[in-house]
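S.K.: Protein chains in written order, with this note's numbering: chain A, 4 to 367; chain B, 6 to 168; chain C, 7 to 106.
Derived by calculation from the structure, the hints in this document are not laboratory data. Built from N, CA and C at the ideal position, the CB exists for glycine as well. Hints may be right or wrong, so weigh each one.
As the list claims (entries may be wrong) - If we take Cβ atoms under 10 Å as the criterion, some of the chain C residues that face chain B in the derived model are:
#, residue
1, S11
2, L16
3, S17
4, F21
5, L101
6, L103
7, M104
As the list claims (entries may be wrong) - Stretches of chain B that chain C covers, calculated by requiring three or more beta carbons in the stretch to come under 8 Å of a beta carbon on chain C:
#, stretch
8, 15-25
9, 34-45
10, 50-63
11, 127-140
12, 150-156
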Amino acid sequence: MIDIAISAILTVFILANIMNLGGLLLWVERKGSAILQDRIGANRAALLGKLPINIGIINTLVADPIKLFTKEDFVPPNADKFLHWMAPILAMVPALIAFIAIPFGDILVIGEREINLQAANLNVGILYILGMVSLGVYGVVLAGWASNSRWALLGGIRASAQMISYEIALGLALIGVVMTFGTLDLQEIARAQGHMIGGVLPGWGIFYQPVAFFIFLTAGIAESKRIPFDLPEAEAELISGYFTEYSGAKQATFMLVDFLESIIVAGLITTLFFGGWQVPFLMRDGLHLPGDIFYPLPSLLVTLVQHGAFVTKLAFFCWLQIMIRWTLPRFRYDQLINLGWKILLPIALANVLVTGLMILIFQA
Amino acid sequence: MDLLTFFMLAVPLVLFAAVVILHPSPVYSAMSLVVVMSFLALYFFFLDAHMLGWFQIIVYAGSIMVLFLFVIMLLNLQNDPQEHQQPSLRTASRIGGAVLIAELVFLFSRSSSSEKAAAELPEGFGTVVALSEKLFTDFLIPFEITSILLLIAAVGAVVLAKR
Amino acid sequence: MAPISYHLILSGILFTIGVMGVLLRRNTIIIFMAIELMLNAVNLSFVALARHLGSMDGQLIVLFVMAVAAAEAAVGLAIILMVFRNKETINADELKLMRW
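Kindly produce the complete structure, drawing on both the sequences and the hints.
M.R.: Take a look at the structure:
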């Protein structure tokens, strides 16, 4: 009974937090892009008239949602009403629930009870997230089809081909990681990264699988359909692609899904390649510095620091994706498919092969 | 799997499978097939085939059906009222279906007259470890042949689409 | 506990729906989907029997069926695309060049 209550609390905690983070990313994106492009950016709405410093947070987090959710919800006359209504939900649900398999801390000790800081402790966490990512395509594709508009249809077609192509590179990059750690459980993978290589370098996945990291980052950005891979919604060519015919709250849903997918990619990169919640030299019982120096620390403090480390890494990779978005130009569609099939796929396959060879050499 | 779970999964499975073959719109057919496959994945979980359940979602629901939808959208198939069905075929399918179902039900219910309790499950049944140990020892040759088959299929698809 | 015959009968029903789909529909893509449905029905009985007999062999067969189904979908859909490009139709009744 109490176990169910704990997982319910953890799930609600995760869902509420990533929704918040999604909203915050919208602000970072708008204000960050303005800084990058030497503009002022969102600064119209402010609390109590004028504040000395207006950083646009009221604008993006209060005024914009109010505007979006009170807009008319327009459905094109020839659209397929049922699927038009279903599509945002189908896009939202997998993106929301994928995150519950990602561990956001080690073990929280309250009294006698040890709580694993992961909303759902799945022993095949990687497969679960891959499954949810692949189910996320349907929302996009159906939105494109149900709108009964050419731009939307083109966006939907582009999205389906792009997502299938990059899922393969994504999966193969993950296979290299799985071979290194020998488990599909994300919490186990995070724990396996706790040791030090040679006493100084943290044993994070990126030092074992550097190639897989770059493939995963590229394919991950492509899966979340952001520039330079935003062909399905390319506003210069397709108005806004698969959600051209959406307005109001449904359009806001699609925008939020984009950010949620970035958060999942950032969470996976953190967990697989950057040690998850691991902090170098910090173990369960305290700080183990090189040269046998040991500072014991209370368990609660360690857990909090580790959780803070996870959030910091997550925020960094979300920020990195936004910076990439506002730095690079968009691919052409044939370049996109070429990159996926002719460059990323062979490199990912070679990476799996080399990883296997390395494991054989070091085990023999 | 207890009886309640069985019927909660079996009834939607049959209903959505019927929608697949009866709905005039190809997109709705494809989406009901996705639902069928997701329910089958759930079914597999209840039958202790955890890995296969996830593979069902990733391979069938996540990849093969997206490919179907992609082709349907690329050809822009609409509802086809002209999709005329020859009356003879229609009757044949009804009679054939009835006969087949009667036969299968009869056979399967008879085979259970020698009802045995389900065997004890070995440790780790249906997990990654059990599945891959079997796959890379007893089933190694089929596994290699399947990989060659996949390669041939990939080459074949590229050749066909390029022409 | 649902007895093994229940699983097999459900599998039989799904398989029959697939067969009827192949006979009823003239749209090649729907026929193709009906075939996928039949494959899935057979997978179901394999998994149920694997559970019943306590042996992993049935599950491995399903794994192979999935791999073959993926290959089949790739090639089959490429063929359908080619047919549509040449004939502007994928109605099985109008594709009768090979029929005598």
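S.K.: Mind taking a look at whether chain C covers the stretch 150-156 of chain B? Criterion is 3 or more residues with CB to CB distance under 8 Å.
M.R.: holds (count 3)
S.K.: Checking C-beta pairs, does the stretch 34-45 of chain B have three or more residues closer than 8 Å to chain C?
M.R.: holds (count 6)
S.K.: Count residues of the stretch 127-140 of chain B with a Cβ under 8 Å from any Cβ of chain C, then say if the count reaches three.
M.R.: holds (count 7)
S.K.: Let me know if the C-beta of L16(C) comes in closer than 10 Å to any C-beta of chain B, holds or violated.
M.R.: Status holds, d = 5 Å.
S.K.: Residue count check for the stretch 50-63 of chain B against chain C: does it reach three with CB-CB under 8 Å?
M.R.: Holds, because 7 residues of the stretch 50-63 of chain B bring their Cβ atoms closer than 8 Å to Cβ atoms of chain C.
S.K.: Minimum Cβ distance from L101(C) to chain B below 10 Å?
M.R.: Interface hint status for L101(C): violated (13 Å vs cutoff 10 Å).
S.K.: Minimum Cβ distance from M104(C) to chain B below 10 Å?
M.R.: Since chain B brings no Cβ nearer than about 17 Å to M104(C), farther than 10 Å, the hint is violated.
S.K.: The hint names S11(C) as touching chain B; please verify it with the least Cβ-Cβ distance against 10 Å.
M.R.: holds, 3 Å
S.K.: With a C-beta cutoff of 8 Å, work out whether three or more residues of the stretch 15-25 of chain B approach chain C closely enough for the coverage to hold.
M.R.: holds (count 6)
S.K.: Quick one, is the L103(C) hint okay against chain B at 10 Å, beta carbons?
M.R.: With a closest approach of 17 Å, the L103(C) hint is violated.
S.K.: Does S17(C) meet its interface restraint, that is, does its C-beta lie within less than 10 Å of any C-beta in chain B?
M.R.: The hint holds - S17(C) has a Cβ within 10 Å of chain B, the shortest such distance being about 8 Å.
S.K.: Return the status of the interface hint for F21(C): holds when the least beta-carbon distance to chain B is below 10 Å, violated otherwise.
M.R.: Check passed: Cβ of F21(C) comes within 7 Å of chain B, closer than 10 Å.
This entry does not satisfy hints 5, 6, 7, going by the numbered hints stated previously.
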